[in-house]
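**Student:** Next come the chains, spelled out residue by residue.
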Amino acid sequence: MRMTRDLLTRLEGEVELKVFWSDGRIKDAYVVVPTYRGFENILKGRPILDALVITPRVCGICGHAHLRATVEAIEDAYRRAGRRVGITRKAEILRDVTTSLEIVQNHIRWFYLYFMPELVKLKPELKERFGPFTGSRWKEGIEASNYATKAIALIAGQWPHNSYMVPGGVTCDPMEADIRKVEALVNRVISFFEEKVVGMDWRSYLKLRGSNLLSKVIGDLGTFAEVCLENGLDIAGRSYGRFLTGGSIHPCISSGVKSKRTCEFNLSKVSELDTHSFLSRNGKGYSWSKTARYRGLPFETGPLARQIISKNPRITSLYRKFKDSVLVRVWARVDEILILSLAILEKLRRVDLSEESWVDPGVDPKKFSGKGVGVVEAARGTLIHKVRVERGRIAYYDIITPTVWNLGPRDDRYLGVVEKAMIGLTSRKIAHIVLRSFDVCSVCTSH
Amino acid sequence: MEKLNLLWIQGLTCGGNTQSLLCAEETLLNTFLKKVNLLVHPGLSLDEDLEKTVEAVLKGDVRLDILAVEGAVRERGKGLYTVLDMRFDEVLRKLCGVANYVIAVGNCAAYGNIPALKEGSVKGLQFRFTERGGFLGDGFRSKSGLPVINLTGCPVHPEWFISTVLQIASGRPPKLDSLGRPKEFYTYFTHDGCLRNQYYEWRVEAEVLGRKEGCLFYRFGCRGPMTRSSCNRILWNGVSSKTRSGQPCFGCTEFDFPRENIWETKYNMGIPAELPPGVSLRGYIMMSGVAKTFTPDRLRRRLLDEDD
Numbered sequence: 001m002r003m004t005r006d007l008l009t010r011l012e013g014e015v016e017l018k019v020f021w022s023d024g025r026i027k028d029a030y031v032v033v034p035t036y037r038g039f040e041n042i043l044k045g046r047p048i049l050d051a052l053v054i055t056p057r058v059c060g061i062c063g064h065a066h067l068r069a070t071v072e073a074i075e076d077a078y079r080r081a082g083r084r085v086g087i088t089r090k091a092e093i094l095r096d097v098t099t100s101l102e103i104v105q106n107h108i109r110w111f112y113l114y115f116m117p118e119l120v121k122l123k124p125e126l127k128e129r130f131g132p133f134t135g136s137r138w139k140e141g142i143e144a145s146n147y148a149t150k151a152i153a154l155i156a157g158q159w160p161h162n163s164y165m166v167p168g169g170v171t172c173d174p175m176e177a178d179i180r181k182v183e184a185l186v187n188r189v190i191s192f193f194e195e196k197v198v199g200m201d202w203r204s205y206l207k208l209r210g211s212n213l214l215s216k217v218i219g220d221l222g223t224f225a226e227v228c229l230e231n232g233l234d235i236a237g238r239s240y241g242r243f244l245t246g247g248s249i250h251p252c253i254s255s256g257v258k259s260k261r262t263c264e265f266n267l268s269k270v271s272e273l274d275t276h277s278f279l280s281r282n283g284k285g286y287s288w289s290k291t292a293r294y295r296g297l298p299f300e301t302g303p304l305a306r307q308i309i310s311k312n313p314r315i316t317s318l319y320r321k322f323k324d325s326v327l328v329r330v331w332a333r334v335d336e337i338l339i340l341s342l343a344i345l346e347k348l349r350r351v352d353l354s355e356e357s358w359v360d361p362g363v364d365p366k367k368f369s370g371k372g373v374g375v376v377e378a379a380r381g382t383l384i385h386k387v388r389v390e391r392g393r394i395a396y397y398d399i400i401t402p403t404v405w406n407l408g409p410r411d412d413r414y415l416g417v418v419e420k421a422m423i424g425l426t427s428r429k430i431a432h433i434v435l436r437s438f439d440v441c442s443v444c445t446s447h
Numbered sequence: 001m002e003k004l005n006l007l008w009i010q011g012l013t014c015g016g017n018t019q020s021l022l023c024a025e026e027t028l029l030n031t032f033l034k035k036v037n038l039l040v041h042p043g044l045s046l047d048e049d050l051e052k053t054v055e056a057v058l059k060g061d062v063r064l065d066i067l068a069v070e071g072a073v074r075e076r077g078k079g080l081y082t083v084l085d086m087r088f089d090e091v092l093r094k095l096c097g098v099a100n101y102v103i104a105v106g107n108c109a110a111y112g113n114i115p116a117l118k119e120g121s122v123k124g125l126q127f128r129f130t131e132r133g134g135f136l137g138d139g140f141r142s143k144s145g146l147p148v149i150n151l152t153g154c155p156v157h158p159e160w161f162i163s164t165v166l167q168i169a170s171g172r173p174p175k176l177d178s179l180g181r182p183k184e185f186y187t188y189f190t191h192d193g194c195l196r197n198q199y200y201e202w203r204v205e206a207e208v209l210g211r212k213e214g215c216l217f218y219r220f221g222c223r224g225p226m227t228r229s230s231c232n233r234i235l236w237n238g239v240s241s242k243t244r245s246g247q248p249c250f251g252c253t254e255f256d257f258p259r260e261n262i263w264e265t266k267y268n269m270g271i272p273a274e275l276p277p278g279v280s281l282r283g284y285i286m287m288s289g290v291a292k293t294f295t296p297d298r299l300r301r302r303l304l305d306e307d308d
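Residue numbers (this note's numbering), protein chains in the order written: chain A, 1 to 447; chain B, 1 to 308.
No lab work stands behind these hints: they were computed from the structure. From the three backbone atoms N, C-alpha and C, an ideal C-beta is built for every residue, glycine too. Mixed in with the good hints there might be a few duds.
Residues from chain B that face chain A, not an exhaustive set, calculated with beta carbons under 10 Å [unchecked claim]:
1. His41
2. Asp49
3. Val62
4. Gly79
5. Met86
6. Glu119
7. Ser121
8. Ile162
9. Leu166
10. Arg211
11. Leu216
12. Tyr218
13. Phe255
14. Asp256
15. Pro258
16. Glu260
Pairs of lysine-lysine, BS3-like flavour, derived with a Cα cap of 27 Å [claimed, not checked]:
17. A:Lys44 x A:Lys269
18. B:Lys212 x A:Lys181
19. B:Lys212 x A:Lys121
20. B:Lys78 x A:Lys284
Hey, can you work out the whole structure from these sequences and the hints?
**Tutor:** Next up, the structure:
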């Protein structure tokens, strides 16, 4: 059997794709995360609040989600130990706003810097628009993503890598003028979405369903759909068709698990294995990632999972016809740019800056013992942090990133989610695009 | 003038310096892309360009003016990718040998930082935290004769990086401090330009988080007065900084980042265990006595409630 091995870059980190071919089709595929830092071990023994500064450094593009997961895990531990952790509505809104903005920023950068340049390989005339460094949209995409990063900084001080969420609330104390500026920036994201991404006003876009989405949406998303239909990407990319969303962001993302039907997400059904990870040292390992399972089964997480579970009418109508193909997976991600932006504006209208930003949880972190879990939605899907603290120090820390769900290796019975999506593909180019459609972040995957 | 060739390579990193670079102000980023020939950036270029470019540079077909390294290096170990079937650390050593200038972009490349905390074989380019030497050795000089230019910070501010590259491009490489950092960006302290300076001077400490008022040095571990950075001079994302949003400075441009007990100020007999550089114990006690006695009343009120 022929084997090919590709090092993929232009993502967060790098992955190797090892593929076995038979009769021109992919027979088996291994997604290898070659790089490892060891955050869980690094955190062990440190004072609990140090995690607020360390975990964001797991990832340069979704560090804010890691911060939030840490904060929620610590707050959960405080609550389980009987402490009242009162978060004001203001702090809750600000947390939601910056978390959502990070997702918006990610989706824009991912689409224009990481994903669309790959399609140039299928359609060279797209180079002028989407080629790295020189393409017109490449630059405009960076600019648009920075409306979001600047908006985060107005609230959280900087992006990437701030630690403005703390147990009990947030550290910032913004003025009305800051909030108005954030609104203005989010409005620019929405204008960008209208003018460049879908080529129509957002209200009209939101009304579209099914085949109308394909025929009416122009702009860059329209171009993307065209390339998909020309190259079979409306079929390629299908995996197990099982979806998981552990966290929620009102009103665009609700948690749930969907295989045949949709059920509530139950944390106790999540398990983590290392049977095929280098970490187990059993000789079967081929990646530094662990494997995440729900009820023992592989599940896909991320925008597609979220929007199907949250019954987004545009994505469910596309899913009915095209299933979990590249077309729908990418569409779900791009759709979130708009719906999260609209939700941010709605939340900012309700924020009352006269409320306190922080309410002291009244815990002496040096003496505290307990355990807690934080489950949040990051750009790439469900992110879980678990912590156990003994007399103020971290005794155990576990991180299950979204990309562990999607890019993690197989177990003894099932292929990983991305590996499954590779089977049967007939070209290397398409295989790369399918892999990329999951929004690959290897630094999170192995952490 | 001929464009400078720049090659960016990533070791053990979160990619945060790349994301930070993309946050650069538009004019600056465009100037950077115009003045510099970005041979390859693994986070931005097409996949195949990495190995192609490294091969061409190592063969001597392409001149390497600036090598920008993001991330720490693990020596001789597993847990890093390979380029052209060579271990990352082998490739990196070769590239450093042919580069005119080597820039460590961010604290991982400069000092090892978080990935080095528990692994002795993980290092920065010329340092491992406070220890000199690092991956390349203390004596390393790039072809230009300079040691590694350390652009520290977790992440580095995009303007510090781009300006340094533009200085090199204009034939005026930066003057470095004893830790290899360009003086222009690491002479000031984070404290300089902090909006809470008056509270520091009059010794009004922040007793709670989440407020504009009060200095974070006295209780919440702020490293602003002893951390070299331009964070409050060249604002983040053009608009703010940690201290402006109520976070203490964590000292992420220094070689001892991340310290233990980040959110807390240590005291010895009522005096902060560590005083800003050059401040004597006696001076501190006298000054704070005076400051506390004469603190203006308005500094004890909420800013927006103040009427005069």
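**Student:** If a hint holds in the structure, say so; if it does not, say that too.
**Tutor:** We went through each hint and held it up to the structure:
1. His41: Constraint on His41 (chain B) satisfied, holds at 9 Å.
2. Asp49: Holds, because the Cβ-Cβ distance from Asp49 (chain B) to chain A comes to roughly 8 Å (cut-off 10 Å).
3. Val62: Status violated, d = 17 Å.
4. Gly79: Nearest chain A Cβ about 4 Å off; hint holds.
5. Met86: violated, 12 Å
6. Glu119: At 7 Å from the nearest chain A Cβ, Glu119 (chain B) passes the 10 Å test, so the hint holds.
7. Ser121: violated, 12 Å
8. Ile162: violated, 14 Å
9. Leu166: violated, 17 Å
10. Arg211: Given a least distance of 5 Å, the restraint on Arg211 (chain B) holds.
11. Leu216: Holds, about 9 Å.
12. Tyr218: Since chain A brings no Cβ nearer than about 16 Å to Tyr218 (chain B), farther than 10 Å, the hint is violated.
13. Phe255: Not OK, violated: Phe255 (chain B) not within 10 Å of chain A, min 16 Å.
14. Asp256: violated, 13 Å
15. Pro258: Pro258 (chain B) check passes; min Cβ-Cβ to chain A is 6 Å, inside 10 Å.
16. Glu260: holds, 6 Å
17. A:Lys44 x A:Lys269: Within the cut-off at roughly 25 Å; holds.
18. B:Lys212 x A:Lys181: With Cα atoms ~18 Å apart, Lys212 (chain B) and Lys181 (chain A) stay inside 27 Å; holds.
19. B:Lys212 x A:Lys121: violated, 51 Å
20. B:Lys78 x A:Lys284: At roughly 16 Å apart (the allowed maximum being 27 Å), Lys284 (chain A) and Lys78 (chain B) satisfy the hint.
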